[in-house]
Amino acid sequence: MSDKKQPVKKNKRPMTPRRKEQSRREFLRSSVLAAGMIGVSMLGYVPVLQGTSIRLRPPGALKTPDDEQQFYASCIKCGQCVQVCPVEAIKLADLLDGFGIGVPYIDAREQACDFSCDGLQCVLACPTGALTHDLDYPADTRMGFARLARPKACLAMQGKGFKGQARGADYRGLLRYEEIDRWNPIPVSEHPYDLEICDLCVRQCPIEIRITQCEAAESEKSDQPVARVAQQMGNACPPKHAITLEPMDQGDGVLRMKPVVQEGCVGCGVCEMICPVESAAIVIDLDNNADTVKES
Amino acid sequence: MSYIKDSIAHLIGNKIPRPSKEERSAEVQAIYAGKKGKLSKADVEAVRHAHKSTFLSKWQKRRWATLILVNLLFVASFYFDVQLVEGALTGARVMGFHFADLNAALQVALAYKHIVLNLVIGIVTVFMMWLLLGGRTFCSWVCPYHLLSEWAEYLHLWLVKKQLVKNHTFNRKVRIVFYLVFALLALLTGYTVFETISPTGILSRALIYGPGVALIWVGLLLLFEIFYSRRAWCRYVCPIGVTYGAVGLLSPVRVKYNAEACHHEGDCRKVCLVPHVLELTIRSGARDVNQDVSSDCTRCGMCVDVCPTDSLTYEVKGLSKMLK
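Protein chains in written order, with full-length UniProt numbering: chain C, 1 to 296; chain X, 1 to 324.
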């Protein structure tokens, strides 16, 4: 390329054949380098086209269930959302996600988003609006949708209770238990349960907890000024139900309950995280086609 | 003006022709004439020998310390949760203030086709910062890949000396081609294509959030530089360098060349990441007695350290005058 203009310029010596050959080789090398680098970078398309890079994303991610293009485009891959999350639910995707490299995701079974930050800190931290500021409350988000994937494994449906650590002694996931510590999430392994009939997915659902709080606040209502900003501002109180336990009658005299995912489910993944059977009986889907599982 | 013109030429990969006699000032002409026949090889060698060169020279020491410190600040800030420097090199909040890497922000803007206010604030802040500090200063004083690449370069040079490998050069114009192609790809595909292979982003995130598969790519780049082409990524590919080089067009922090004492032995060009910016140190290569090295220079100070006659020095335009 550089040798094209040379004859026009003054006092330029003509190139020796050797120099000419070197220049030709350099040009070839450069073309290969360009094609190679751009080719490698475009390999990032593969996981995107195959759909293998689609994951559960933090609240407010600019995406539809099956198209994450806007989210990848708007994310600057800095991980500020990772840093503010009190339960460290957010991780950054690796090179195997192609164009999705450095984009935040949540592995719900490992550590779900339990909204223990209350104020959607990841959304507030996002510098590019990839997690959209249009959200105000946890109940506004729709990350995914829970589905009872293995109803036969569900303890409640078998009429069984649950005693012990929900995910075993080695499990490192955190949840906020308001009755223990309002501000600091604690390891699930440090909070054993003793339940007549397993209701963990309902009991720990952040949306259901919020509904209970709203009801409690309602019954205590007095003339005193409301203390919490969130309550003054509404905070979608009470939000729509996300999951309920409904009694089943099999005619065998055993009390069985069935978890039913409701319209208010935001897909945070806490039910998948806390489900004590391996692998989880309830999981998060990215779309709600499969639900609500009224029958089956 | 000639500084900006030279800089643009270097950034897009053009060669700047050696100034003709008419283009040279009378003073520099006189200096060149005065040196004729004066610089015997033995004299030059003696001066070179007297100039102590250590493995870690003055500016290199300071630069490595700065680079490591900046990257450690990110790591420590997250590790100890002190919220001093949140995020990574692509985008951060420094004590609450938004910072956005200009090239990453450009990729996002082109792919997303929309910029939120916080990003604008981050862009302006970082633009102002590097405008004051010299543009490509980012490359050699902050970018973690630069440091690894510098180590790989020592290995490469040693292998070359042992005649085990040969250095292969590329046409420098390929870098601006990459710049345009990556910008176009972001615009057309709607994905930040370059970020997928950017070792700067990969390394910064790996340091802060833990290592991953992506480090293999960085390793391959380093191997390519060790065995095939010296500093290939920084010299011929990286669009981040071009972006910050453009910021440097208007920056007062530069390396100044003084032709008077120069022995033209070329040690500076041997250590330089971007030796084309130092072509003015070739005998009869300068237009003026004092001339600034173009903005493609990363202000790394290797030449300042190696120069036996102190012909290359850091300067802050305006400030030096004020201090006089």
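Don't read these hints as lab results, they were simulated from the structure.
Treat the numbers as computed from the prediction; the structure is a model and nothing was measured.
Glycine included, every Cβ here is placed at the ideal spot set by N, Cα and C.
Some hints could be false.
What the hints assert, rightly or not - Straight-line C-alpha distance at most 30 Å; calculated DSS-like pairs for lysine-lysine:
| no. | chain 1 | residue 1 | chain 2 | residue 2 |
| --- | --- | --- | --- | --- |
| 1 | X | Lys-113 | C | Lys-20 |
| 2 | X | Lys-317 | C | Lys-160 |
| 3 | C | Lys-163 | X | Lys-5 |
| 4 | X | Lys-52 | C | Lys-20 |
| 5 | X | Lys-270 | X | Lys-256 |
| 6 | X | Lys-61 | X | Lys-36 |
| 7 | X | Lys-38 | X | Lys-61 |
| 8 | X | Lys-38 | X | Lys-52 |
| 9 | C | Lys-20 | X | Lys-35 |
| 10 | X | Lys-256 | C | Lys-20 |
| 11 | X | Lys-5 | C | Lys-20 |
| 12 | C | Lys-20 | X | Lys-38 |
| 13 | C | Lys-63 | X | Lys-113 |
Claimed, not checked - Residues from chain C that keep clear of chain X, each with C-beta distances beyond 12 Å, as calculated:
| no. | residue |
| --- | --- |
| 14 | Lys-20 |
| 15 | Glu-26 |
| 16 | Ala-34 |
| 17 | Phe-71 |
| 18 | Lys-91 |
| 19 | Asp-94 |
| 20 | Asp-97 |
| 21 | Cys-126 |
| 22 | Gly-129 |
| 23 | Asp-140 |
| 24 | Ile-180 |
| 25 | Gln-250 |
Hint-by-hint comparison with the structure:
Distance check on the hinted pair: Lys-113 (chain X) and Lys-20 (chain C) sit about 44 Å apart at the alpha-carbon level, beyond 30 Å; violated. With a C-alpha separation of about 78 Å, the suggested pair Lys-317 (chain X) and Lys-160 (chain C) falls outside the 30 Å cut-off, and the hint is violated. About 76 Å separates the Cα atoms of Lys-163 (chain C) and Lys-5 (chain X), which puts this hinted pair outside 30 Å; it is violated. Between Lys-52 (chain X) and Lys-20 (chain C), the direct Cα distance comes to roughly 40 Å. Violation of the 30 Å bound is thereby established for this hinted pair.
Under the criterion of a C-alpha separation no larger than 30 Å, the hint pairing Lys-270 (chain X) with Lys-256 (chain X) is consistent with the structure, at around 18 Å. Straight-line distance between C-alpha atoms of Lys-61 (chain X) and Lys-36 (chain X) comes to about 36 Å, which puts the hinted pair past the 30 Å bound. With a C-alpha separation of about 35 Å, the suggested pairing of Lys-38 (chain X) with Lys-61 (chain X) is violated against the 30 Å cut-off. Taken as a hint, the Lys-38 (chain X) and Lys-52 (chain X) pair is honoured in the structure, with Cα atoms around 23 Å apart against an allowance of 30 Å.
Only pairs whose Cα atoms come within 30 Å are accepted, and Lys-20 (chain C) paired with Lys-35 (chain X) is rejected, the gap being roughly 34 Å. Taken as a hint, the Lys-256 (chain X) and Lys-20 (chain C) pair is broken in the structure, with Cα atoms around 34 Å apart against an allowance of 30 Å. For the hint pairing Lys-5 (chain X) with Lys-20 (chain C), the CA-to-CA distance comes to about 28 Å; that is within 30 Å, so the pair holds. Under the criterion of a C-alpha separation no larger than 30 Å, the hint pairing Lys-20 (chain C) with Lys-38 (chain X) is inconsistent with the structure, at around 35 Å.
Straight-line distance between C-alpha atoms of Lys-63 (chain C) and Lys-113 (chain X) comes to about 15 Å, which keeps the hinted pair within the 30 Å bound. At roughly 14 Å from the closest C-beta of chain X, the C-beta of Lys-20 (chain C) stays outside 12 Å, upholding its exclusion from the interface. Against the 12 Å criterion, Glu-26 (chain C) falls within the reach of chain X, whose nearest CB is about 5 Å from its own CB. With a least beta-carbon separation of about 5 Å from chain X, Ala-34 (chain C) fails to lie farther than 12 Å from that chain, contradicting its non-interface assignment.
In this structure Phe-71 (chain C) is not separated from chain X by more than 12 Å, as the shortest Cβ-Cβ distance comes to only about 9 Å. A cut-off of 12 Å between C-beta atoms contradicts the statement that Lys-91 (chain C) is not in contact with chain X; the least separation is 8 Å. In this structure Asp-94 (chain C) is not separated from chain X by more than 12 Å, as the shortest Cβ-Cβ distance comes to only about 4 Å. For Asp-97 (chain C), the shortest C-beta to C-beta distance to chain X comes to about 9 Å, within the 12 Å cut-off, and the non-interface label is violated.
Under the 12 Å C-beta cut-off, the non-interface status given to Cys-126 (chain C) relative to chain X is violated; the minimum distance is some 8 Å. Annotated as non-interface, Gly-129 (chain C) brings its C-beta within 12 Å of a C-beta of chain X; the closest such distance is 4 Å. The Cβ of Asp-140 (chain C) lies farther than 12 Å from every Cβ of chain X, with a closest approach of about 18 Å, so its non-interface assignment holds. A cut-off of 12 Å between C-beta atoms confirms that Ile-180 (chain C) is not in contact with chain X; the least separation is 21 Å.
Every C-beta of chain X lies more than 12 Å from that of Gln-250 (chain C), the closest at about 48 Å, which supports listing it as non-interface.
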